Amino acid sequence: DAGITQSPRHKVTETGTPVTLRCHQTENHRYMYWYRQDPGHGLRLIHYSYGVKDTDKGEVSDGYSVSRSKTEDFLLTLESATSSQTSVYFCAISEQGNQPQHFGDGTRLSIL
Amino acid sequence: SQQGEEDPQALSIQEGENATMNCSYKTSINNLQWYRQNSGRGLVHLILIRSNEREKHSGRLRVTLDTSKKSSSLLITASRAADTASYFCATEDSNYQLIWGAGTKLIIKP
Numbered sequence: 001d002a003g004i005t006q007s008p009r010h011k012v013t014e015t016g017t018p019v020t021l022r023c024h025q026t027e028n029h030r031y032m033y034w035y036r037q038d039p040g041h042g043l044r045l046i047h048y049s050y051g052v053k054d055t056d057k058g059e060v061s062d063g064y065s066v067s068r069s070k071t072e073d074f075l076l077t078l079e080s081a082t083s084s085q086t087s088v089y090f091c092a093i094s095e096q097g098n099q100p101q102h103f104g105d106g107t108r109l110s111i112l
Numbered sequence: 001s002q003q004g005e006e007d008p009q010a011l012s013i014q015e016g017e018n019a020t021m022n023c024s025y026k027t028s029i030n031n032l033q034w035y036r037q038n039s040g041r042g043l044v045h046l047i048l049i050r051s052n053e054r055e056k057h058s059g060r061l062r063v064t065l066d067t068s069k070k071s072s073s074l075l076i077t078a079s080r081a082a083d084t085a086s087y088f089c090a091t092e093d094s095n096y097q098l099i100w101g102a103g104t105k106l107i108i109k110p
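As you go down the protein sequences, you meet chains A and B in turn.
Following the working numbering, the numbering of the first sequence begins with 1 at its first residue and continues without gaps.
Following the working numbering, the numbering of the second sequence begins with 1 at its first residue and continues without gaps.
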């Protein structure tokens, strides 16, 4: 498996609280992505990064922010969590934008 | 928006049989990729086929691409219990972003 670690793996929190998910890679890949996966949907892109401090929005970016201060770490923050953000969140990496992506094992987030 | 749509949504076959899954998409693509997801795990890349390719093989996997019909198929031959998983197609748009289908859940019965 590619060296991708997501933390935490599971989290339960309350509506209105801030939440930060971390993705750490040891592959030195340039691109990093955050997706959410919900039943009946494919993966949906939240934000992605194409380098340190270089990020862009995906399809479902509202309510989420990201930061990438180091090549190896990509943080996803829910500033004020809502129940609609209950989901499984996946981080992925790729060497270049047109290369296959490698995924972490996900973070299951429940917002009550 | 969902670009790819897999068909069928679920497929149950006997071990040793072949499994075929289809993917349709809506807009022009740079390439199409297939991924596998085991329960509770992340997705694993299986195969990438470029828009100018028609067929590609990898072990027991065979992928075809028909850009005129905007469709692709994934064939798994001689299925095994370990092939039980969900399979997703993803199309790469002009911005190199992947757009995903909702997946086909494959169950291999012993």
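These are calculated hints, taken from the structure and not from any lab test.
Computed from a predicted model, the values in this text were never measured in an experiment.
There may be inaccurate statements among the hints.
[Unchecked claim] Coverage of chain B stretches by chain A, computed from C-beta distances (three or more under 8 Å per stretch; other residues unrestricted):
#1 22 to 33
#2 43 to 56
[Claimed, not checked] Below are the EDC-like pairs computed for lysine to aspartate or glutamate, each with C-alpha atoms no more than 16 Å apart in a straight line:
#3 109(B) to 15(B)
#4 26(B) to 55(B)
#5 70(A) to 54(A)
#6 57(A) to 93(B)
#7 105(B) to 38(A)
#8 69(B) to 15(B)
Every residue gets a Cβ at the ideal spot worked out from N, C-alpha and C, and that includes glycine.
If any of the earlier hints don't hold here, list their numbers in rising order.
-> 4 and 8
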